[in-house]
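Student: Using the sequences and the hints given, assemble the complete structure.
Protein chains in written order, with the numbering used here: chain A, 1362 to 1592; chain B, 1362 to 1592; chain C, 1362 to 1592; chain D, 1362 to 1592; chain E, 1362 to 1592; chain F, 1362 to 1592.
Fair warning: there could be bad hints in the mix.
Identical chains blur together in the list; that is why a pair holds if it fits in one copy or across any two.
Distance condition first, Cα-Cα at most 20 Å in a straight line; then the derived SDA-like pairs of lysine to any residue [unchecked claim]:
id, residue 1, residue 2
1, K1508, R1443
2, K1563, R1472
3, K1508, G1370
4, K1566, I1591
5, K1585, A1544
6, K1578, R1556
Hints were generated in silico from the structure; no laboratory data involved.
6 protein chains.
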Amino acid sequence: MIVSINELGVVRRNITRADRAAADRLGGFGVATVHEAMGRVGLMQPYMRPIYAGAHVAGTAVTVLLHPGDNWMMHVVAEQIREGDVVVAALTAECTDGFFGDLLATSFRARGARALIIDAGVRDVRDLTAMGFPVWSKAISAKGTVKATLGSVNIPVVCAGALVNPGDVVIADDDGVVVVPAAVAAQAADAAAAREANEAEKRAKLASGELGLDMYKMREPLAKAGLKYID
Amino acid sequence: MIVSINELGVVRRNITRADRAAADRLGGFGVATVHEAMGRVGLMQPYMRPIYAGAHVAGTAVTVLLHPGDNWMMHVVAEQIREGDVVVAALTAECTDGFFGDLLATSFRARGARALIIDAGVRDVRDLTAMGFPVWSKAISAKGTVKATLGSVNIPVVCAGALVNPGDVVIADDDGVVVVPAAVAAQAADAAAAREANEAEKRAKLASGELGLDMYKMREPLAKAGLKYID
Amino acid sequence: MIVSINELGVVRRNITRADRAAADRLGGFGVATVHEAMGRVGLMQPYMRPIYAGAHVAGTAVTVLLHPGDNWMMHVVAEQIREGDVVVAALTAECTDGFFGDLLATSFRARGARALIIDAGVRDVRDLTAMGFPVWSKAISAKGTVKATLGSVNIPVVCAGALVNPGDVVIADDDGVVVVPAAVAAQAADAAAAREANEAEKRAKLASGELGLDMYKMREPLAKAGLKYID
Amino acid sequence: MIVSINELGVVRRNITRADRAAADRLGGFGVATVHEAMGRVGLMQPYMRPIYAGAHVAGTAVTVLLHPGDNWMMHVVAEQIREGDVVVAALTAECTDGFFGDLLATSFRARGARALIIDAGVRDVRDLTAMGFPVWSKAISAKGTVKATLGSVNIPVVCAGALVNPGDVVIADDDGVVVVPAAVAAQAADAAAAREANEAEKRAKLASGELGLDMYKMREPLAKAGLKYID
Amino acid sequence: MIVSINELGVVRRNITRADRAAADRLGGFGVATVHEAMGRVGLMQPYMRPIYAGAHVAGTAVTVLLHPGDNWMMHVVAEQIREGDVVVAALTAECTDGFFGDLLATSFRARGARALIIDAGVRDVRDLTAMGFPVWSKAISAKGTVKATLGSVNIPVVCAGALVNPGDVVIADDDGVVVVPAAVAAQAADAAAAREANEAEKRAKLASGELGLDMYKMREPLAKAGLKYID
Amino acid sequence: MIVSINELGVVRRNITRADRAAADRLGGFGVATVHEAMGRVGLMQPYMRPIYAGAHVAGTAVTVLLHPGDNWMMHVVAEQIREGDVVVAALTAECTDGFFGDLLATSFRARGARALIIDAGVRDVRDLTAMGFPVWSKAISAKGTVKATLGSVNIPVVCAGALVNPGDVVIADDDGVVVVPAAVAAQAADAAAAREANEAEKRAKLASGELGLDMYKMREPLAKAGLKYID
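Tutor: So this is what it looks like as structure tokens:
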């Protein structure tokens, strides 16, 4: 997670963000589609849930590494946000405290953030919902935090089981959160588009009662694998 | 869960479904009422949650046994669905992957399915919600699956702690999921109806301030059990 | 949790409720604010979730201690409810059964209860939502309970990790549940009011793009703690 | 789980136990081997853990269905135990209470029981360990239970995710618990023996440094599946 | 948990410890026995597990309230330990960090502590085991903590679901941890002794094959409750 | 986790392992010490537990990425093991299946592996214990897996919340598992040695009854932070 044992207490100001156009194209696809296009990797754990239904965002990651019970670095990361970013907050150990509420959301939004992804808790969820500021989190908790310990900003982090490098594209919707490395953002967007291209046709066939068994030509491989029908 | 060690990789085409009228009558009661009528058995674990609030379905079970990370048999079970069925998907081991999304839902619905009950994850929940196709699941996850390993269709399965035989009635609402063996569907519907018969009267009494202590004549048994009031 | 080994099977009829005005003032603040005003103590665990979004209540606690799978004492506590109370139900061991449904809610409401906080499960959540009777619980489960074993009413209990004495103020919203001892209710309300007094000003500053780093004068302490910026 | 809504409160005295010789042969194999021989079904969830390491038992199931917090039926099932049985205790809802301790273990052993498998908690684990009476359970808890509610004995139950019919063979070791239907006990023992037959040879080859890749001839199918080696 | 909102950051030096003789007598009984003697209350949650098997301690509680990720107060509480105490550490929010290791154990032991009960994590468990210093904890974790935030010492705390007042007796063994209020320590010890008095006789009867059904005269109440035997 | 969307199905044969001497020196320290020396980062989640107590290993990581329910790549990674390696197995989604048993352990050991770290389940734990082949895992489960889907070998993986690059040093003991990037292995070993240098002296002081409060000169900062002593 760090490349030097001196890296804690570091804020990297210049990061290479993924191409904005590629990031925005990725935001046009659902998380499940992008995840498939990536070869089924890059997903955060399914315990990461949106605080309200229906949100769908994509943006470039600015990352922050926090210690349990301490949200000091959330103020430090705020300064590094650029228009179109998504803040990704990782923890050095499991914690459900509420690291983020409506005041920080006001600040993050003013700096251009589109969302927060946090492997811990948030609070003021009613206000956040009213503001339309989406958060994907592990927990909702009113428990406050202190401001006493340094973490780092814009270092590679592991958030909810997924590696996030600063500048990566993060896409989130009701199905979860997926990370696309900046270097392959355009490639992933192409792959996602290809995947969706013939979905409408497939959907129409299935809606008419055609079976996936026939549409995907599964009967022969199933029989070969030994599937037996009995009456 | 199986009655022969040859039973994996088997699709039973002819199953005896519970009487449709009894199944539909059971759908007129909430899960809590049916569960009480059954003598407090047959419930799935409470981690099974609907993907959207307010759904209430009853139907006859077609069952499918899946392996972790592999949804091949979901296409096989699709063919066995008849109008009024509910698909019940069990797993051979714990898994939160997204085995089901909007394409399969389109297919299931076209075949007559009323809902999916799955002891694993689903995805495309926004689309499923828009379609009004209800799912009760253990998780929501964008994680895709492969199509490589045989399971079985229409064998007895254990789903979220409840035994489900093909053809049993499955009732699901915001409180959870309950299974009624086909052989006792009518009997259970009668018992549920009897339970509900005098609920309106009870509700009116309680609403007027009468206490359950008096309405259910609990004061004497409580005193006998040793309850003491102190000031 | 008890001060005598004879205390099980006891109902205390006369309890000292927190000052109503203080309780109502506390209800004007969110749970996160009250929790901060209390010095970050008194919160229930974050697994306590409202059965529907948007509820916000405050009231004086009447407490009940239940055994797993047995809701007999819910009928006993009903009689002790006064206008403006919140029922707090603790368990002697973990249990997710549905101890409470629409009939008990009808009774509780008729007696003046504003909400139920229960470290176990509830059922009939669709009806409870329609009634607008808010519940914060650990689980939703259709599983019914028996009426066979004595617990106690209006003794001190531990509910979801928080100590609740009868008469304490309980405040609950989308962020969770917090307990304020009756003796400090007014003091806590003052502290909460002081906390909120300058929030509007802070929010305006943050919305204009000012950073918390500057507003809270964090740059110097961060530098002292060793924070390094790199490009 | 039940075949009639009248089945609660029932004790079946005559059950058909699996062939003793087959059961004992199955006890000569590890749980993993039997589970493979069964086609990878019949396993209980991995949260079922032995209270001490090294126990390995096989026996015929006598089953009991319990309610949360109530162990009355444990005394009823004791009478139904025959030499060589394993008691399998299922719950109608999740519970971690300690339903079983050294007194019941003394009684079970005197009746011929080889072990207890319980989807809940046990206590007196130090005494049970000293006695050498093995238990596989979901939890260890000193929490006692009441004796107030009827369950049933020797009905089919779902225990930790596995269906157990009275008379089935249950095998348990450090890896977990597996259930073999009585009707296929001999067949499963044969399959397990076949599986183990050439393990010694395989082990010797692997110990000498030969790779599974070569021994199982996996290189070609891996290449076909697209595996790429890079330097 | 606190009786004043000023109570955080407080160390109470003079506490009333339970009678030493009563505490020591309680240590002669298992946790399950004491818990039964107390009327089945006072137990901590079953997730509290000993770091090694076979430990059995009783002592008077000195309490400490910690914040997630911060063990500063562990050094403060060390000074308050007297011979025969057990340190009980509660958290203001869930945390699995390792708050305690072999250095602190050396210090605690030197001050007279018999054990640590902590609703969080510990580390150096191999050293602690070698030292024979018993700990009951929620987790084992190498994760270190900071020393930045005040908690309190010798205030009432909720630890793993149980209220602990400074001076209460805490008994812990392989079955878990139970708390006996100081005021009833002698009474509880008497009740535990009474409970154990005839256990040897019961054990002998059960070992000889006599059934609990007969020994406890359960056949009649079971029949009254409706138990049916079928062949 | 991957740097190209083509990276699945890839085996990297040449990896740069951390300096052997540094790795071995790190193995001389406990996980807690190394983790502290690293600035409190690099730890896996505390759910990773050894299958038997007392194991302590350090080695260079060879990594493998697996899909739920499929252990095909375990045979592929075996070929890449060199003397002194530790195999680190990550999953694309949560799974508790038993991916590894005594046959694979025999093969891994023959190739020079010192241990397995796996974010999933293992089986044959009795045999593994007898062999003295240590495993840290998320679960123990007899559940077998299939061999059908490609993963990758020696790519960067996230295992139990920690990023592991091939060649990194992995240290594991009873407290958990920590990862040290290859580039800082020597530096981390130095820092760990410095940490331990004066532990013996500290331990002696604490054993003599000196308080951490005095030894670490905490009284003044505690007073400054506002700590109050009351009698």
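Student: Output the numbers, in ascending order, of every earlier hint that fails for this structure.
Tutor: 1, 4, 5
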